[in-house]
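S.K.: If you read the sequences in order, they're chains A and B. Per my numbering: the first sequence = residues 1 to 114. Per my numbering: the second sequence = residues 115 to 229.
Mixed in with the good hints, there may be bad ones.
Partial list, computed: chain A residues near chain B (C-beta under 10 Å) [what the hints assert, rightly or not]:
| hint | residue |
| --- | --- |
| 1 | ILE18 |
| 2 | ASN22 |
| 3 | PRO44 |
| 4 | PHE62 |
| 5 | PHE65 |
| 6 | GLY83 |
| 7 | THR103 |
If you're looking for bench data, these hints aren't it; they were derived computationally from the structure. No experiment lies behind these values; they were computed from the predicted model shown. Note that the Cβ used here is the ideal one computed from N, Cα and C, for glycine as well.
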Amino acid sequence: DQQVKQNSPSLSVQEGRISILNCDYTNSMFDYFLWYKKYPAEGPTFLISISSIKDKNEDGRFTVFLNKSAKHLSLHIVPSQPGDSAVYFCAASRSNFGNEKLTFGTGTRLTIIP
Amino acid sequence: KAGVTQTPRYLIKTRGQQVTLSCSPISGHRSVSWYQQTPGQGLQFLFEYFSETQRNKGNFPGRFSGRQFSNSRSEMNVSTLELGDSALYLCASSPGTSGSYNEQFFGPGTRLTVL
């Protein structure tokens, strides 16, 4: 039962263009969402998060959008840079009351073409 | 501030053996979570410890166990290893306190290969 889904295993984008990574979830109890970036041989690194009370959160080149009615979130990277090439994981959590369990998607490998 | 450290980084075992992996969280963090990453499955939550108590548990068989020490360092153990246990095991630490979401910081992982 995959409660968090990333349906695109891979994505290639030209340098300087916008990268859009998508994520869907099925559990309506999730109220906090995160994106992590992972390079080979390293652990995931936190990128950006969003609470269910918001529909957008922006941090520099990274913006996360949340559509609660569609149970869908997306990560926009503008402009895309070669260093953005990595695997991106979407993750969700049920509460912020010290519940540290994250449910992850299967990841999308982003390749930025110079 | 030092990050999350995991030892060993690589491990090769044979079926039926047992293995112990270690994780040292960021100083001051009291919560340690463990995840298993396999191709096609993403990261699967194993369990979380806070102040030496298991607070959350994922859907893994009893062969997977863990513990946390008073200094917040954590170990996970896998007994009677199976080929399917080959994976990257990731440890994450966070402050663990309630009231606001606690961002998790991941270590580099231990790559376990079961032959």
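S.K.: Give a verdict on every hint.
M.R.: Tested hints:
1. ILE18: 24 Å, violated
2. ASN22: 15 Å, violated
3. PRO44: 5 Å, holds
4. PHE62: Violated - the Cβ of PHE62(A) stays beyond 10 Å from chain B, reaching only about 15 Å at its closest.
5. PHE65: Violated. Min distance 18 Å.
6. GLY83: 19 Å, violated
7. THR103: 7 Å, holds
When the structure is compared with the earlier hints, violations turn up for hints 1, 2, 4, 5 and 6 and for no others.
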